[in-house]
Amino acid sequence: MNLRKRVVLIVYIAFLMVPIYWLINMSFKSNTEILGGLTLWPQGFTLDNYKVIFTDRSWYSGYINSLYYVCLNTIISLAVALPAAYAFSRFRFLGDKHLFFWLLTNRMAPPAVFLLPFFQLYSSIGLFDTHIAVALAHCLFNVPLAVWILEGFMSGVPKEIDETAYIDGYSFPKFFVKLFIPLIGSGIGVTAFFCFMFSWVELLLARTLTSVDAKPIVSVMTRTVSASGIDWGVLAAAGVLTILPGMLVIWFVRNHVAKGFALGRV
Amino acid sequence: MTKTHDNRAWWLVLPVFLLVAFSAILPMMTVVNYSVQDIFDSSTRFFVGADWYRQILNDPRLHDSLLRQFIFSGCVLLIEIPLGIAVALAMPTRGRWASACLIVMAIPLLIPWNVVGTIWQIFGRADIGLLGYSLRELGISYNYASNTRDAWLTVLVMDVWHWTSLVALLCYSGLRAIPDAYYQAARIDRASAWAVFRYIQLPKLKSVLLIAVMLRFMDSFMIYTEPFVLTGGGPGNATTFLSQTLTKMAVGQFDLGPAAAFSLIYFLIILLVSWLFYTAMTHSDQK
Chain Y
1 MNLRKRVVLI VYIAFLMVPI YWLINMSFKS NTEILGGLTL WPQGFTLDNY
51 KVIFTDRSWY SGYINSLYYV CLNTIISLAV ALPAAYAFSR FRFLGDKHLF
101 FWLLTNRMAP PAVFLLPFFQ LYSSIGLFDT HIAVALAHCL FNVPLAVWIL
151 EGFMSGVPKE IDETAYIDGY SFPKFFVKLF IPLIGSGIGV TAFFCFMFSW
201 VELLLARTLT SVDAKPIVSV MTRTVSASGI DWGVLAAAGV LTILPGMLVI
251 WFVRNHVAKG FALGRV
Chain G
1 MTKTHDNRAW WLVLPVFLLV AFSAILPMMT VVNYSVQDIF DSSTRFFVGA
51 DWYRQILNDP RLHDSLLRQF IFSGCVLLIE IPLGIAVALA MPTRGRWASA
101 CLIVMAIPLL IPWNVVGTIW QIFGRADIGL LGYSLRELGI SYNYASNTRD
151 AWLTVLVMDV WHWTSLVALL CYSGLRAIPD AYYQAARIDR ASAWAVFRYI
201 QLPKLKSVLL IAVMLRFMDS FMIYTEPFVL TGGGPGNATT FLSQTLTKMA
251 VGQFDLGPAA AFSLIYFLII LLVSWLFYTA MTHSDQK
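Here the protein sequences line up with chains Y and G, keeping their order.
Each residue of the first sequence is one higher than the one before, counting from 1 in this note's numbering.
Each residue of the second sequence is one higher than the one before, counting from 1 in this note's numbering.
It is worth saying that the hints were derived from the structure and are not from the lab.
Just the calculated beta-carbon pair ranges, DEER-fashion: (1) G:N33 with Y:I230: 36 to 44 Å; (2) G:L138 with Y:T32: 23 to 31 Å; (3) Y:K178 with G:I178: 28 to 36 Å; (4) Y:R4 with G:G252: 48 to 56 Å; (5) Y:M17 with G:I178: 24 to 32 Å; (6) Y:W41 with G:T93: 33 to 41 Å; (7) Y:T32 with G:F197: 50 to 58 Å.
Even for Gly, the Cβ is constructed at its ideal location relative to N, Cα and C.
Based on the provided sequences and hints, a complete structural model is requested.
Next comes the structure, spelled out in structure tokens:
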């Protein structure tokens, strides 16, 4: 039984890792080696592909733009979702169930549906090609998700804690910031992780709402792909670099994710 | 938990409401507006009623991509949900290996979608990719760019590669939430591994499975970027799913009216199917 489990796990992880290994492998090869034949590891190890990205402004600014709007989105999502999730977990109010369901329906809306209206909306208020436009657009699917996850975590905190705090003379804002937020720290970590993840990986909206100044790395990459004669090495290196921020984030929340998932209703 | 009835809670929800109203209701109204008008330019427009809807509902492009989309989402759910549960059961319960597994498994989720497409595009090519090369060496003819079956399989395997971890992580967290006492009781009763799974783990996993099924259904139904990068919807239209048909119509051909009608129908289908899943799974809970 135990052996079978281990085989399942090892086969699955190998299945996940081999394509990524191949990408990393390619990123350290020169184009002649890539096209010359199949080698399981780089024969002529080179960092040239990475050098291209770190010295060319149009490449590395893509990374900065992406990180910028992703962080902005995570902050906005958490800031508005925290009080709302508290309200949903503690109070009944007029239309609460409908509102909650309506929020979730936004998570179900295909981004393709919103392409044109978003483009026109943000153009008309002069936000086209800014980081804030992408961050706001990504709120469409991240805010409902954040409310959903946080509500689960908050429901796990007994209500007696709130009541005791009020008896002890805490005002609502002071209670919320000083006592409640630290209590659901791991929930916030998990939520931030999900917001970061879904905003970082999204391409369609980010590409549509930007042209030059806020162009994300994902769209820098597609332009290179569509150009004639693909530079496989640089493309692979750029791909590897897009994996790194995500790995950094999961490293930070690794303990919370295991513990946090189990705590919340997620 | 008993909740207090207090309408002042609206103040706490107000920021979310305003933000989502700005980024959802306003654009949605625009879409509705387009779907009932024929627009030539910003000042010349005619009210056409339900014409676009009629045209779209009779459009073979919608029928074909809708059928493909349902088959694809069905396959995705049938493969990813059982596989995700199996992987979650196989994961170590605690310690350093558990967090190592978590991190490794989360990697595909954190890769931008177009890079996922790029990875598989490279991986599947017979000249430079390990998969394509190995298959060719094994004597299996494989070309995702020209063969319909291969293209389908590649897109499907890519999606399994990309998203099974999400199901596994959710199930893993659900499994960790089961108190040890349940397992102890099962041991005393000498329950078989299957009985433990069927009568303890599976019922306890129900709520996370609901989330996993809904998320996987919604996201696979909206899939755009990965097949777009990998196959470009081809060969022919074999891997053109709904989002791509819509984007082609709206941005490529600029058919605003039909595209808007298409959008609303598309959205309604997702809403309807999600609602069906939700009620089916919560309803059986109450019995």
